[in-house]
Amino acid sequence: MKLFSLIFLLVMTLCADNVKVYLYTPEINVNNFKSLKMSFDSYLSGYGNYELQPFSDKETFEKYLKNKNTIAILSSWHYREISKKYNLEAMLVAKKKGSVTDRKILVGQKNTLLKGVVTSAYDTEYTNELLNSITDEHSQELSVLRVPKEIDALMSVGFGMSRFALISKDTFVHLQHINPVLSKDLKIYYESDPEYRMLLACNETDKEVTTLVSIFKNMEFSSDGKKILNMIGIDKLVVFNIRNLENRGDTK
Amino acid sequence: MRLLFFISLFTLALQAHTILVINSNSDVKKYNEAVEEFGKNFNHPFKTLDISNKSSNEIKKALYDEYPDTVYAVGAKAYQYANEYIPEKDIYFSSIVDWKRLSLASNRYGVSNELHNGMQLILIKSLFTSVNTIGVVHSKYTQNMVDDLSRDAGALGIKILPILIDEASVENMQFDTALNNSDAMMVISDPLFLNNENAVKNLFSSAKKQKKPIIAYHELFIQYGATLVISADNPTIGRQIATMIESNLNERSMEKIQYPAGTNIVFNKKEAELNGVEITSDILSIATEIRE
Chain U
12 MKLFSLIFLL VMTLCADNVK VYLYTPEINV NNFKSLKMSF DSYLSGYGNY
62 ELQPFSDKET FEKYLKNKNT IAILSSWHYR EISKKYNLEA MLVAKKKGSV
112 TDRKILVGQK NTLLKGVVTS AYDTEYTNEL LNSITDEHSQ ELSVLRVPKE
162 IDALMSVGFG MSRFALISKD TFVHLQHINP VLSKDLKIYY ESDPEYRMLL
212 ACNETDKEVT TLVSIFKNME FSSDGKKILN MIGIDKLVVF NIRNLENRGD
262 TK
Chain E
192 MRLLFFISLF TLALQAHTIL VINSNSDVKK YNEAVEEFGK NFNHPFKTLD
242 ISNKSSNEIK KALYDEYPDT VYAVGAKAYQ YANEYIPEKD IYFSSIVDWK
292 RLSLASNRYG VSNELHNGMQ LILIKSLFTS VNTIGVVHSK YTQNMVDDLS
342 RDAGALGIKI LPILIDEASV ENMQFDTALN NSDAMMVISD PLFLNNENAV
392 KNLFSSAKKQ KKPIIAYHEL FIQYGATLVI SADNPTIGRQ IATMIESNLN
442 ERSMEKIQYP AGTNIVFNKK EAELNGVEIT SDILSIATEI RE
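Just so you know, the protein sequences line up as chains U and E, in that order.
Count along the first sequence from 1, then add 11; that gives the number in this note's numbering.
Count along the second sequence from 1, then add 191; that gives the number in this note's numbering.
Here chain U stands alone, though its shape is the one from the complex (with noise of 0.2 Å):
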């Protein structure tokens, strides 16, 4: 009998369908995907049978966010296009540098004429959006090469292989530290409104869900778990609340 009850465990076990969490932002590096996921499954493991889903193109994503207890983890662009039509509720915003608030900038050399070639790391139609939206609709004369980092995208302003980089304002920081050099030529022409860096959303909070928030909000307190949140370039998750939709402005 009890050889039975152990059998029929480990079938449950097996058979147990795993909780997963749906990642769609295109200010990921798609190609750190296999990582990321390794990193994700082993981390939540340790809590349950949860793992994480990635994906590189937002239709396949969408596809998924259709099921009920959808969890996912958007950008706040996306969010604000899909959350309606998918019941989203956001309950955690990611925080990097003590702001849950980033903008986007175009970058170039200085007295360049706002035509030629942008290198941008997101996806083609998050990029064209945002560089209609911050120059006005006067960005007719770009076109746009996806390249794989935000790193890259600025690099290739100062080396010459664009003219223009839309990147985060904190990478552009982040290259000043480290090569003053070349970001001294470097000029902002644009500069978005603050944004919220990415969400972890869900369509409906049951138990299994809470948990699951909870251990994402949880993850900061571990090595391992501050490990995975820096391959997705955030320092936490924290509840996201309508002291969050006041402090949208912190970082300007």
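List of simulated lysine-lysine pairs, DSS-like, C-alpha gap at most 27 Å: (1) Lys107/U x Lys460/E; (2) Lys45/U x Lys316/E; (3) Lys238/U x Lys316/E; (4) Lys247/U x Lys461/E; (5) Lys121/U x Lys316/E; (6) Lys48/U x Lys461/E; (7) Lys48/U x Lys220/E; (8) Lys460/E x Lys237/U; (9) Lys106/U x Lys316/E; (10) Lys460/E x Lys247/U; (11) Lys195/U x Lys447/E; (12) Lys96/U x Lys74/U; (13) Lys48/U x Lys221/E; (14) Lys221/E x Lys45/U.
Covered by chain U, according to a simulated footprint, are these stretches of chain E (three or more residues, beta-carbon under 8 Å): (15) 424-435; (16) 453-463.
Treat the hints as calculated values from the structure; they're not laboratory data.
For every residue, glycine included, the Cβ atom is placed at its ideal position computed from N, Cα and C.
For this one, chain U is given, so just place chain E on it according to the hints.
Only chain E this time, still in chain U's reference frame:
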């Protein structure tokens, strides 16, 4: 109405412009990655020709039959044939080692196979907090490369320590003193050094003993124990060529020969831990691949 007519004429003119992509060998991964991304990002029709199993005469015939306005040659073999049989055409190239040895006419454009030194050095500076002096093994064949590297490194506050080898010294070269005076070693594509397996193994085993990281330019060196590999991202090269051709068709100015705009970074976590080398947390978001 007149404007519509001109727009239609302009569109027709663009469509009439024929483009041929010549792939030196479709079995080579890096060529295919560039060709595939070129196709996804180029907004005009084009044809592709794989010349890996074709004779010279077949290639010549194919080029004369197609007689494209613009060629994208992927790899040295593709470039040589295009340059020989249809030199009057605009030829774009990529994935050619040391393009500077090619004699280039004014209607040649391309993306080099090698990254700009500055890009590699900025990445090294971003990732290794304690690397201030980098040793570089080289011979007379790569003296220019090392001179350029030293100049670019100086601007970033990094010192390059050149370790000169020649035909007589390469076989039994000892790297201990150089490693003592460096925080890391950088392997460059020096033909004399790379053709001597003993010298390569010697460098890697001495570096391991002294717990100094080795930074290389090709993933092959991971198996020898390189801690970091920084190379050009091949898909980005394909997209870059697509952007260059589009810019030219739209008469927008651009650099005719460019460095690759994207980087591919492989981080050997196991080796870094063995060396005890200090790496910033940026590695996790910058690395293309982390080898556990």
